[in-house]
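*Asks:* Listed below are the residues making up each chain.
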Amino acid sequence: MKLVTAVIKPFKLDDVREALSEIGVQGITVTEVKGFGRQKGHTELYRGAEYVVDFLPKVKIDIATSDEQLEQVIEAISKAANTGKIGDGKIFVTALEQAIRIRTGESGVDAI
Amino acid sequence: MTVKKLLAALALSSTALLGAAPAYADDAVLNSGDTAWMLTSTLLVIMMSIPGLALFYGGLARAKNALSILMQVFVIFSLITLLWAIYGYSLAFTGDGAVIGGLDKLFLGGITPASLTMTMPEYVFVAFQSAFAAITVALIVGGFAERIKFKAVLIFSVLWFTLSYLPITHMVWGGGLLFKDGALDFAGGTVIHINAGVAALVGAYMLGKRTGYGKTAMPPHNLAFTMIGASLLWVGWFGFNAGSAAAANGIAGLAFVNTIFATGAAVLSWIGVEALIRGKASMLGAASGAVAGLVAVTPAAGFVGPMGSIVLGLLAGVVCFWGVTGLKKLLNVDDSFDVFGVHGLGGILGAILTGVFADASLGGVGLAEGVTMAHQVAVQLKGVAITIVVSAVAAIIAYTVAGLLSGGLRVTAEEEQEGLDLVSHGERAYSD
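First to last, the protein sequences are chains A and B. All letters in the first sequence, in the order written, are residues 1303 to 1414 by the numbering used here. All letters in the second sequence, in the order written, are residues 43 to 474 by the numbering used here.
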């Protein structure tokens, strides 16, 4: 099993969710995060004070997937979250050692 | 009653404007129209403090300090109005002293529901003036916000109210030195705004900058609050200015319209400068412009004509914009909510220009018999200078004593990081 973590632009969340649904992914976890890579922040002005805000709002999606479905998941996210502009985000893949469904106690791929 | 004489002088000088002879007798007679208006005005001025100023400032603070600001304004209002009743009114408005009044009306002694001041019950006048005293002290919290101990705020407030607000009120409105000189301050540009602005600046210097100032982002946590507060201030200010006519008459009408026009002009000129220099007009700019215009028209409201008030407003927006940007950088001080930049500088501008635009040639009600514009401006400057000195000296004493009695004015750096709401009041404004 693998844990796919994707950091994407917030307005792309719906597109990514739909794309994952189409390939049969049943569940995802979404977190609101802040971050930056090469995309610049913005400046805010309050009377005499100027603040450079480096951090941009992003959305992080965590998906547990089987080794077999990994490539499909990566492709679905990549296509749906892409705008072609700087700041589209990144996908990280880590090895998922175990997964358990709390309600039934199922483990492994049956839990995903 | 020396305030009566002030009003008599006002009535005389406005004869040309009103086209009526002043109906003034030495024996005060109750006028229910005047009284009703003054009761209403008092309500409006109280609203300016709670919740007007509280929200205006509260929105500018960071979320973790929001309650501390609301608390300071709310409690200062409660405290200062009380002291006003006990000794403030007496020291401000009785006696013939040049600098301070007498103790004839300590604990409001001798005043009954039948007692009259001008054409209203004296209690109404006491109440009206109590709200002015309270908001003046409350304004100062913007200078030392987000780092001061609550106990120190209270001690400072009592001392500064006694050492600065009372003498200056007496000197300008209570028949003292500046009143006798003929200084024009219709609703308190000097008594309230320059006074508070200077005290806030002194506080900002004595307390030092907030930890992380200049490096950490400290944007206002809720500019919607600030807009609501500014709007309550604007609406309440009609009581502040038009109520200072002490009657429901033409001068009140003049002060009323000036309070609309000057403010709108200042909003536009502030956001105009913003848009030119920075490319965007902001809500904070509009709210700040409004307050700047209101402050500048305060000493002028019943003396200048509507067109004069518009010019005053346009200038206030520009000058006070500089006050919170260029001047603030020059002074190298963390006047957290720009009390000096807006109230101090706006008050100074208004005080000086009152001497100019009160002249009949510029649409004003006209200066006193034989007084030239140049002379009036000189008198205004004298009033400004005396106020700055008294306020600053009183502030230094008040902060020093408050610091000694509180074990230091500031909370620790760790407490400052955590936030005053939790540290000073054991509360959170927002549970998230």
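Honestly, the hints are just simulated from the structure, not real lab data. Honestly, I wouldn't trust all of these hints.
As the list claims (entries may be wrong) - Computed cross-link-like contacts, PhoX-like style, restricted to lysine-lysine with a CA-CA straight-line distance of at most 25 Å: (1) A:Lys1342 / B:Lys322; (2) A:Lys1362 / A:Lys1387; (3) B:Lys257 / A:Lys1342.
*Asks:* Can you give the numbers of the hints that this structure goes against, from lowest to highest?
*Replies:* none
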